[in-house]
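Asker: If you read the sequences in order, they're chains A and B.
For the first sequence, this note's numbering gives the first residue as 1, with consecutive numbering after it.
For the second sequence, this note's numbering gives the first residue as 1, with consecutive numbering after it.
There are no misleading hints in this set.
Label pairs and their in silico Cβ distance ranges:
hint	chain 1	residue 1	chain 2	residue 2	range
1	A	Ile-119	B	Ala-94	48 to 58 Å
2	B	Phe-212	A	Lys-201	49 to 59 Å
3	B	Leu-24	A	Asp-202	55 to 65 Å
4	A	Gln-94	B	Trp-115	53 to 63 Å
5	A	Asn-148	B	Pro-114	53 to 63 Å
6	A	Ala-193	B	Ala-22	52 to 62 Å
7	B	Met-238	A	His-156	17 to 27 Å
No lab work stands behind these hints, which were simulated from the structure alone.
Predicted model, so just to flag it, every value in this text is computed and none were measured.
No residue lacks a Cβ here, since even glycine has one placed at the ideal position from N, Cα and C.
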Amino acid sequence: MSAAKSNKGDFLLAVEGLTVSFDGFKAVDDLSFYLDPKEIRVIIGPNGAGKTTVLDLICGKTKATSGSIKFAGKELTRLKEHQIVHSGVGRKFQTPSVFEDLTVFENLEVSYPKGHTVIGALAFKRDAKVIEAVEDVAKTIFLTEALNEPAALLSHGQKQWLEIGMLLIQKPDLLMLDEPVAGMSVAERKKTAELLRVITKDHTVLVIEHDMQFVGDIADRVTVMHQGKVLSEGSIDHVKSDPKVIEVYLGH
Amino acid sequence: MKHSPLMKWFASREGMYYLALAFLLVVLLPLVLEPFRLNMVGKYLTYAFVAIGLVMCWGKAGILSLGQGVFFGLGGYCMAMFLKLEASTPEATAIQSTPGIPDFMDWNQLTELPWFWEPFHSFSFTLLAVIGVPVLLAFVIGIAMFTRRVGGVYFAIITQAIAAVLTILIIGQQGYTGGVNGITDLQTLMGWDIRTDEARNILYFICVGMLFLCLFAARFVQNRKLGRILVAMNAQEMRVRFSGYDVAAFKIFVFCLAAAFAGIGGALFTLLVGFMSPSFIGIVASIEMVIFCALGGRLSILGAVYGALLVNAAKSGFSESFPELWPFAMGALFIGVVLAFPDGLAGLYKSYVMPLENKVFKRNKSEAVPAVSTPAAGTTDGYSPMTETYSPEKS
Numbered sequence: 001m002s003a004a005k006s007n008k009g010d011f012l013l014a015v016e017g018l019t020v021s022f023d024g025f026k027a028v029d030d031l032s033f034y035l036d037p038k039e040i041r042v043i044i045g046p047n048g049a050g051k052t053t054v055l056d057l058i059c060g061k062t063k064a065t066s067g068s069i070k071f072a073g074k075e076l077t078r079l080k081e082h083q084i085v086h087s088g089v090g091r092k093f094q095t096p097s098v099f100e101d102l103t104v105f106e107n108l109e110v111s112y113p114k115g116h117t118v119i120g121a122l123a124f125k126r127d128a129k130v131i132e133a134v135e136d137v138a139k140t141i142f143l144t145e146a147l148n149e150p151a152a153l154l155s156h157g158q159k160q161w162l163e164i165g166m167l168l169i170q171k172p173d174l175l176m177l178d179e180p181v182a183g184m185s186v187a188e189r190k191k192t193a194e195l196l197r198v199i200t201k202d203h204t205v206l207v208i209e210h211d212m213q214f215v216g217d218i219a220d221r222v223t224v225m226h227q228g229k230v231l232s233e234g235s236i237d238h239v240k241s242d243p244k245v246i247e248v249y250l251g252h
Numbered sequence: 001m002k003h004s005p006l007m008k009w010f011a012s013r014e015g016m017y018y019l020a021l022a023f024l025l026v027v028l029l030p031l032v033l034e035p036f037r038l039n040m041v042g043k044y045l046t047y048a049f050v051a052i053g054l055v056m057c058w059g060k061a062g063i064l065s066l067g068q069g070v071f072f073g074l075g076g077y078c079m080a081m082f083l084k085l086e087a088s089t090p091e092a093t094a095i096q097s098t099p100g101i102p103d104f105m106d107w108n109q110l111t112e113l114p115w116f117w118e119p120f121h122s123f124s125f126t127l128l129a130v131i132g133v134p135v136l137l138a139f140v141i142g143i144a145m146f147t148r149r150v151g152g153v154y155f156a157i158i159t160q161a162i163a164a165v166l167t168i169l170i171i172g173q174q175g176y177t178g179g180v181n182g183i184t185d186l187q188t189l190m191g192w193d194i195r196t197d198e199a200r201n202i203l204y205f206i207c208v209g210m211l212f213l214c215l216f217a218a219r220f221v222q223n224r225k226l227g228r229i230l231v232a233m234n235a236q237e238m239r240v241r242f243s244g245y246d247v248a249a250f251k252i253f254v255f256c257l258a259a260a261f262a263g264i265g266g267a268l269f270t271l272l273v274g275f276m277s278p279s280f281i282g283i284v285a286s287i288e289m290v291i292f293c294a295l296g297g298r299l300s301i302l303g304a305v306y307g308a309l310l311v312n313a314a315k316s317g318f319s320e321s322f323p324e325l326w327p328f329a330m331g332a333l334f335i336g337v338v339l340a341f342p343d344g345l346a347g348l349y350k351s352y353v354m355p356l357e358n359k360v361f362k363r364n365k366s367e368a369v370p371a372v373s374t375p376a377a378g379t380t381d382g383y384s385p386m387t388e389t390y391s392p393e394k395s
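Chain A with its partners taken away, still in its complex shape:
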């Protein structure tokens, strides 16, 4: 968990020359970018720019054709998904994917980083530590009242929060969120921004988002992707005024 320290001020995540091609189509093409510890980076870009694919590659859902992904000095491209999770990378999907048949409590409990082997899951006990961790996270994600409810009964926004909570309880070093406020009401959006601000105090966060207002609210730096490549990178004001970005993404 102290990846940053052991790395002596190095990047937490270093993506270099990352390429993936699907039947010759390069969804991500020789992409490089670097994340500092505790940084909040937002990836923006038009549809089909390869944003989600980048997250897929980092978390192991898609295997890279070439290039390297170094996380806290560890090469991720050869690891399996669950091993990548254990190295400290958490991923939230675009559509909320929570366990609808289980209660909110159970959803968080299943995500608790203990008892991940078959034997471990048989021996797993719901002790005070687990309950405390679950209650803690539930508070952060505004779901304390709903702990005993089946996740199926939650609203869309609450499901998104629950999934973020399921990541938080894993205590990852890097959180990757794919459009966390998509489909949310204005009130929910505000609460989510608040939630992200809390989270970003002690996590490195990589977010894909379209809502420029929201991006401006949370981002330390912004990476603009276009056709699988980095088009521009820098502060929100820098990319906003970049003519290339205006051309392909923001519009005149």
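Position chain B against the provided structure of chain A, taking the given hints into account.
Answerer: Frame of chain A, contents of chain B only:
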């Protein structure tokens, strides 16, 4: 202080369900049925082992296997091999050209016992093999399929193909397996004649005992975190993977568990029926097993037992009066289950009988009734106070 947790559990609603089943199987049926019928019930119950495994594997974890007959058969054949060797003493087979080997081997011009038959002289090896052989095969299939992420329909088809392959293999290798006739004329188990009414009665009770052991094992698994992961995996496999679980390992585990149950069922089948043949393990038999599970209720291990009992009883009843109509009745039953009550008998019980029970239980105020009843909370058999339910006061 006076009530141990076990006593409390028996007084709980879930405990009542188990007691009711125990009463039915241990007291009621043995009292009202003649030995021949009771033996048939025992035979039906051996299928319940498979159905319980299918609840775990298919109902909970979403892995549909259309080849559970394979594991049932392997368990059954292991037991049959032991019994056959015991029946084939040199004295009993003196008229054969090679005395001391099973009769069908002699008919097929074999002159010595094949190597893989040798260990089945030992009863302890046989008991191990009854579980070990099915589990080993399930493990190999599991590794091959689940680590490559073969699932859903593809997996179902492959298991079905394995059932077909095994049947063809057994029928083809007549000299080693007894071929299409199976392994017949089994007589004694360690000198104890298993063909008498008395022996069959005792075997029936052993079968019921084993069934409860398997029920408790399944119940243990489903009430642990592992059970919740199986359910979670069924709906959101990707989320489970990205919560840090090696999904393949869990699938292999539950598939092996189902195979172990099926193997035990198969061995008891051989003991109760007195022979084992390929017809009990092929494609048709395997699909019937899925129907027992579906009718009882995919998500309920107790439902699976009732499903196996009822479908088999209906099958016997039908076949005695209208043998040619049974396949149609069975087909209709399956379609009916899928269309009208997808959660089977357990689902019907939950939606129609449980509300009545709730009223009674409330009046007795013996326990709290859950406020929210989830339609598909696959973690328990209906209501189960032994399951850990979260309450804030605990902390």
